[in-house]
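A.B. asks: Hey, can you work out the whole structure from these sequences and the hints?
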Amino acid sequence: MIPSNLRVVLIVLVISYFIVILYFLKEKALNLKYTLLWLVAGLVMGILVVVPELLTKIIRIFGIQDNMNGLFIFSIGFIILILLSLTSIASRQNRKLRTLTQELAILDKRVRELEQDEKR
Amino acid sequence: MMEDRKKKILVIIPAYNEAENIVHVVSHMMETAPQYDYLVVNDGSTDNTLELCKREKFHYLDLPINMGIGGAVQAGYIYAYKNDYDIAVQMDGDGQHDIAYLDQLLQPLFKKEADVVIGSRFLEKEGFQSSASRRMGINILSLLIRLTTGKRIMDVTSGYRAVNRMFIDIYSKDYPTDYPEPEAIVEAIMHLGVVKEVPVQMRAREGGISSITFKKSIYYMIKVTLAILVCRLSYGVRRGKRTQE
Numbered sequence: 001m002i003p004s005n006l007r008v009v010l011i012v013l014v015i016s017y018f019i020v021i022l023y024f025l026k027e028k029a030l031n032l033k034y035t036l037l038w039l040v041a042g043l044v045m046g047i048l049v050v051v052p053e054l055l056t057k058i059i060r061i062f063g064i065q066d067n068m069n070g071l072f073i074f075s076i077g078f079i080i081l082i083l084l085s086l087t088s089i090a091s092r093q094n095r096k097l098r099t100l101t102q103e104l105a106i107l108d109k110r111v112r113e114l115e116q117d118e119k120r
Numbered sequence: 001m002m003e004d005r006k007k008k009i010l011v012i013i014p015a016y017n018e019a020e021n022i023v024h025v026v027s028h029m030m031e032t033a034p035q036y037d038y039l040v041v042n043d044g045s046t047d048n049t050l051e052l053c054k055r056e057k058f059h060y061l062d063l064p065i066n067m068g069i070g071g072a073v074q075a076g077y078i079y080a081y082k083n084d085y086d087i088a089v090q091m092d093g094d095g096q097h098d099i100a101y102l103d104q105l106l107q108p109l110f111k112k113e114a115d116v117v118i119g120s121r122f123l124e125k126e127g128f129q130s131s132a133s134r135r136m137g138i139n140i141l142s143l144l145i146r147l148t149t150g151k152r153i154m155d156v157t158s159g160y161r162a163v164n165r166m167f168i169d170i171y172s173k174d175y176p177t178d179y180p181e182p183e184a185i186v187e188a189i190m191h192l193g194v195v196k197e198v199p200v201q202m203r204a205r206e207g208g209i210s211s212i213t214f215k216k217s218i219y220y221m222i223k224v225t226l227a228i229l230v231c232r233l234s235y236g237v238r239r240g241k242r243t244q245e
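Here the protein sequences line up with chains A and B, keeping their order.
Take the first sequence: its letter number 97 is residue 97 in the working numbering, and every next letter is one higher.
Take the second sequence: its letter number 191 is residue 191 in the working numbering, and every next letter is one higher.
The hints are simulated quantities; they were obtained by calculation from the structure and are not laboratory data.
Given the structure is predicted, the values throughout are model-derived calculations rather than measurements.
Some clues are possibly wrong.
The calculated label-pair distances, taken between Cβ atoms and stated as ranges, are [unchecked claim]:
| hint | chain 1 | residue 1 | chain 2 | residue 2 | range |
| --- | --- | --- | --- | --- | --- |
| 1 | A | R95 | B | R135 | 30 to 38 Å |
| 2 | B | I140 | A | I11 | 57 to 65 Å |
| 3 | A | A90 | B | F214 | 25 to 33 Å |
Using N, Cα and C, we set each Cβ at its ideal position, and we do this for glycine too.
C.D. replies: Shown next, in the form of structure tokens:
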């Protein structure tokens with residue numbers, strides 16, 4: 001069982017986590033689309049803090065003996081998932097950026113040609 | 001059928017920091033092969049490649065940021081596609097590729113014997129043959145392409161190529177990045193294109209430095225090997241269809 005003072009600290013942490021995300025959303029520093037995963041993560045953390053027995057049960061299903069070990073394994077797995085999705089977002093943006101750059105260069109040539117024609 | 005001489009042909013010349021070579025390469029081409037259009041693609045050079053293109057009034061695209069050879073060549077293909085070219089040729093801006101071989105490169109396309117033609121150093125083993133270690137790397141990639149696609153291509157890294165309208169279309173929509181040459185061959189084969197090699201001689205670089213230094217060669221081999229396998233696998237599931245005949 002988690003000591004009650006640690007539980008209070010964790011609850012405060014989870015709440016401040018949500019406040020930070022909402023603040024970023026309000027400032028448009030985060031895209032809601034990409035924030036969903038973080039909100040889900042916060043929700044899971046919140047549930048686990050309120051009902052820690054749930055964590056113990058899930059971990060036992062996977063055959064992990066130690067609570068903390070189980071928590072770390074799930075956390076690391078989740079972080080890898082988020083990193084993977086970030087790499088995928090970066091790659092997709094890279095591709096879009098490439099198309100934009102190429103189109104820009106082609107338009108730039110067209111503008112130069114039109115300016116030439118104008119001078120004549 | 002269209003007359004060969006009426007076909008619109010564009011020579012794409014990607015140039016990244018090629019100030020030492022670009023003027024010579026383009027003016028040599030304009031003297032000896034004035035019947036072809038050309039397009040220099042300045043890939044965000046940090047030297048005065050762009051200024052030279054402006055001063056000499058070359059036809060050029062100016063990419064505002066550096067995108068690597070793949071992005072630069074693809075910009076040329078998009079340009080060729082939008083301006084209704086029948087054939088696009090890619091030729092390095094560093095003076096390694098001799099415009100004199102352009103006709104040999106174009107012949108298989110005129111005769112409709114091929115969709116993609118590659119200028120190969122190794123068919124007749126004449127001219128600059130690159131270093132032994134480079135050749136070994138090229139042979140490994142060549143073998144890999146042969147194992148995965150069944151097609152035997154000797155000079156898989158040659159950037160001296162000519163493609164028909166079908167592949168101008170395909171490459172303008174999807175062209176590999178980061179050392180794209182071997183992967184582009186696999187892509188062509190997977191689109192059921194006929195890839196053919198013709199012998200050419202290449203020169204050692206006239207100036208500047210090659211984009212592939214010794215340190216990068218390990219990364220090069222790993223990246224290209226993976227790219228070939230991924231390309232082969234992803235098209236293996238749904239093999240590309242010929243878009244036109």
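A.B. asks: If a hint holds in the structure, say so; if it doesn't, say that too.
C.D. replies: Hints, one by one, checked against the model:
1. For R95 (chain A) paired with R135 (chain B), a C-beta distance near 33 Å keeps the hint of 30 to 38 Å intact.
2. At about 58 Å, the CB distance of I140 (chain B) to I11 (chain A) agrees with the hint of 57 to 65 Å.
3. Range check, A90 (chain A) to F214 (chain B): Cβ separation about 29 Å, and the 25 to 33 Å hint holds.
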